[in-house]
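Trainee: Whenever a hint applies, use it, and build me the whole structure from the sequences.
Residue numbers (my numbering), protein chains in the order written: chain A, 45 to 268; chain B, 83 to 350; chain C, 1109 to 1345.
Not one of these hints is a red herring.
With a Cα cut of at most 16 Å, we get these calculated EDC-like pairs of lysine to aspartate or glutamate:
id	chain 1	residue 1	chain 2	residue 2
1	B	Lys263	B	Glu225
2	B	Lys348	B	Asp335
3	B	Lys179	C	Asp1236
4	B	Lys125	B	Asp160
5	C	Lys1152	B	Asp178
6	B	Lys263	B	Glu224
It should be emphasised that the hints constitute simulated quantities derived from the structure, not laboratory data.
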Amino acid sequence: MSWDWAYSISIIPALLDGLWVTLIVTFIATSFGLVGGLGLGILGSMANPVLSRIAGAYVVIFRNTPFLVQLYLIYFALPEFGIVLSSEVSGVLGLGLFISAYMAEVFRAGIASVPSGQWEACTAINMSKFHTWMRVVLPQAIPPIIPMLGNYANLAFKLSAYVAVIGTIELFGTALRLGEKSYRYLEPFTLVGLMYLAVSVAVTVSLRQLEKRMQRTRPEMTTL
Amino acid sequence: MERENPVATKDDVRSDQPMVEFRNVVKRYDQTVLDNLDLVVGKGDKSVIIGPSGSGKTTILRILMTLVRPEEGQVLIDGTPLWTMEKGGQLVDANDKHLREMRNSLGMVFQQFNLFPHMTVLRNVTEGLIRVQGMSKDQAEEEALANLDRVGLRHRASDHTWQLSGGQQQRVAIARAIALKPRVLLFDEVTSALDPELVGEVLEVIRDLAFNTNITMLFVTHEMRFAREIADNVIMFDRGQVVEQGPPAQIFDDPRELRTQDFLRKVT
Amino acid sequence: MPTFWDEIARPLAEGTLMTLLVFIGGIVIATVLGIGVAALRLSKFSVLRGIAWVHVEFFRGVSVLVLIFWVFFVFPLLGITMSPLTTAWVVIGLNQSAFIAEIVRAGIQAVPRGQIEASIAINLSAWDRFRNIVFPQALPIALPPYANQLVNTLKETAVVSLIGLADLTFRGNELRTHLGHSMEIFVSIGIVYLLLAYLLTQGTSWLERKMRVEPKRGTTPKQAIRLRNFFIGGGIK
Ligand SMILES: Nc1ncnc2c1ncn2[C@@H]1O[C@H](COP(=O)(O)OP(=O)(O)OP(=O)(O)O)[C@@H](O)[C@H]1O
Ligand SMILES: [Mg+2]
Chain A
45 MSWDWAYSIS
55 IIPALLDGLW
65 VTLIVTFIAT
75 SFGLVGGLGL
85 GILGSMANPV
95 LSRIAGAYVV
105 IFRNTPFLVQ
115 LYLIYFALPE
125 FGIVLSSEVS
135 GVLGLGLFIS
145 AYMAEVFRAG
155 IASVPSGQWE
165 ACTAINMSKF
175 HTWMRVVLPQ
185 AIPPIIPMLG
195 NYANLAFKLS
205 AYVAVIGTIE
215 LFGTALRLGE
225 KSYRYLEPFT
235 LVGLMYLAVS
245 VAVTVSLRQL
255 EKRMQRTRPE
265 MTTL
Chain B
83 MERENPVATK
93 DDVRSDQPMV
103 EFRNVVKRYD
113 QTVLDNLDLV
123 VGKGDKSVII
133 GPSGSGKTTI
143 LRILMTLVRP
153 EEGQVLIDGT
163 PLWTMEKGGQ
173 LVDANDKHLR
183 EMRNSLGMVF
193 QQFNLFPHMT
203 VLRNVTEGLI
213 RVQGMSKDQA
223 EEEALANLDR
233 VGLRHRASDH
243 TWQLSGGQQQ
253 RVAIARAIAL
263 KPRVLLFDEV
273 TSALDPELVG
283 EVLEVIRDLA
293 FNTNITMLFV
303 THEMRFAREI
313 ADNVIMFDRG
323 QVVEQGPPAQ
333 IFDDPRELRT
343 QDFLRKVT
Chain C
1109 MPTFWDEIAR
1119 PLAEGTLMTL
1129 LVFIGGIVIA
1139 TVLGIGVAAL
1149 RLSKFSVLRG
1159 IAWVHVEFFR
1169 GVSVLVLIFW
1179 VFFVFPLLGI
1189 TMSPLTTAWV
1199 VIGLNQSAFI
1209 AEIVRAGIQA
1219 VPRGQIEASI
1229 AINLSAWDRF
1239 RNIVFPQALP
1249 IALPPYANQL
1259 VNTLKETAVV
1269 SLIGLADLTF
1279 RGNELRTHLG
1289 HSMEIFVSIG
1299 IVYLLLAYLL
1309 TQGTSWLERK
1319 MRVEPKRGTT
1329 PKQAIRLRNF
1339 FIGGGIK
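Mentor: Given below as structure tokens:
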């Protein structure tokens, strides 16, 4: 079986539509993940043992089970309780919940790296808790973790292909459909693979660039 | 397997013949660190390099230990080029095999000791004897214990390195270096990472080696009193070149160059 | 009324075994390959470094789901036939090798430069330097992120259910279509994955404790010496 250029070109518009859906799914899920992760990260940093345990349990559960199983649970099990969500909504929700568990850890670590003296200084000038978080802690905690958050946005992008399994027609779903229709898998899968690769590598490389700019001194490279 | 030593016998007799020679050596990082350096160290001599911080003293030792390659010039160990070799009648860059042969006559003690933390004190010393000199384990341990004895740490042989004080760690590092019987031994500010009360024990060990062996030694140190005591030859080094050199009495008591006078005034 | 064992527990147990089979094969390939790629990544030859870089960026960048479908559907068209299990091993092995290579590289680069310099100063060969000095010190550094990657690999094995391998996720989905009760089934499956991940984490942290060369925090070296001398006395055995 050889590569069919005419067919490849004919499917590109459909694939680009799929890529657009994938980007939208990724964008919504990542935004969800950022908000959820920040919330969980703050909960996890709290002195209150109940709240921080809950946040911890969430992170452990969502990080130690397969994303696919989580998706199935949302898409197949929730309707048994009368919660029927479309495949798109299930997919975005699942991806957001999954990514927020990863981002929670990043936020928690970022918050923990703010020196305790900063908290004490805020208490000393009688700043409110809310202001301490908003004006002092988070502005110091967040910038250093931006590259890490970017990495997880990239993970969300790659994982978004799974939502095709529950029927969302995004990039990968489009390839599956095309394959089933034409019995040609070589072109759609290869093109889709290249599209994922291109976006993901571009993101990785620019994140690394960002990271490099953020840390001024780097150790010399070690060769064996 | 014992590697052959290209550079004659191991036990050098003191003589005026050069053991280490730098000829027009240039080393550049962002700036030129060694600027056409010429330097000679006699066989069996104990030479001390002094000079301002950042002037390139460590770089001299690192070039000798084959840790960094100079851009230009020649470095000779007992007349044999270190960084170049002859191949088909032509001078080419030294390959790994040549460097390993040359390293047989070289040893170095580091400012930060650099002991291997995952090995016992004894293993730190036997490692080179077994892997490089091909000794049997028993033979190597016997040899290592003798060397640990020389630095006064035979009784700590089975300890982990982190159980030792800094001074003791540095003494183990010295034992590790001398066990391999180098002909040239390099010391890079070996006491400057130590607490003041631990400096004495390390200097004591070095004194013993300096007075009782024929190993050619090259020191970089800020311990001027120590330098005066053991040095045959003091080399004042600045801005990539030797400013002046001579016996300690002359350099310390009667320096000819203005830069040496300035430097000595600052450090004492 | 179908028996619990035959209808539910047995398929899940079999699925768990398949998941473990896929996991073990995949992680063995990934680890061996990952170490090799890390070594290339640190080579002094830029061509080898380039090859390793491409390997890492490619397999980290491409989604496993896409990769496994590509191999599963496209390889036969190119005349290469592999069983689903082999496909799973190859794909997971390749994909994870990229991550493991980065972990190994970071571990090796975290070994202080002075260690390499000291081993040059005692004239160890390049191979001995790596084997006896760098690698043993990189190991405890790389172990925690490696443990993390083991769990990621375990989770990733669920993808093989989509090419028809009867792993835990596949069995769960099968039970769902036969019996309904999705909530119970997927929660149970989730718990099995959690348990497996827990075992992996515990196992590696046990290894990590065994491998640690330096004393635990809180025991200063001096105290450690005193304790040691108290119990065994100084001197060599
Ligand atoms: N790996 C390197 N990369 C870039 N510059 C370097 C490197 N190593 C040394 N240098 C520079 O070369 C110069 C000489 O360094 P060197 O360590 O030889 O000085 P030194 O005389 O030993 O100083 P000190 O007394 O502080 O130890 C310094 O300016 C240093 O910044
Ligand atoms: Mg120095």
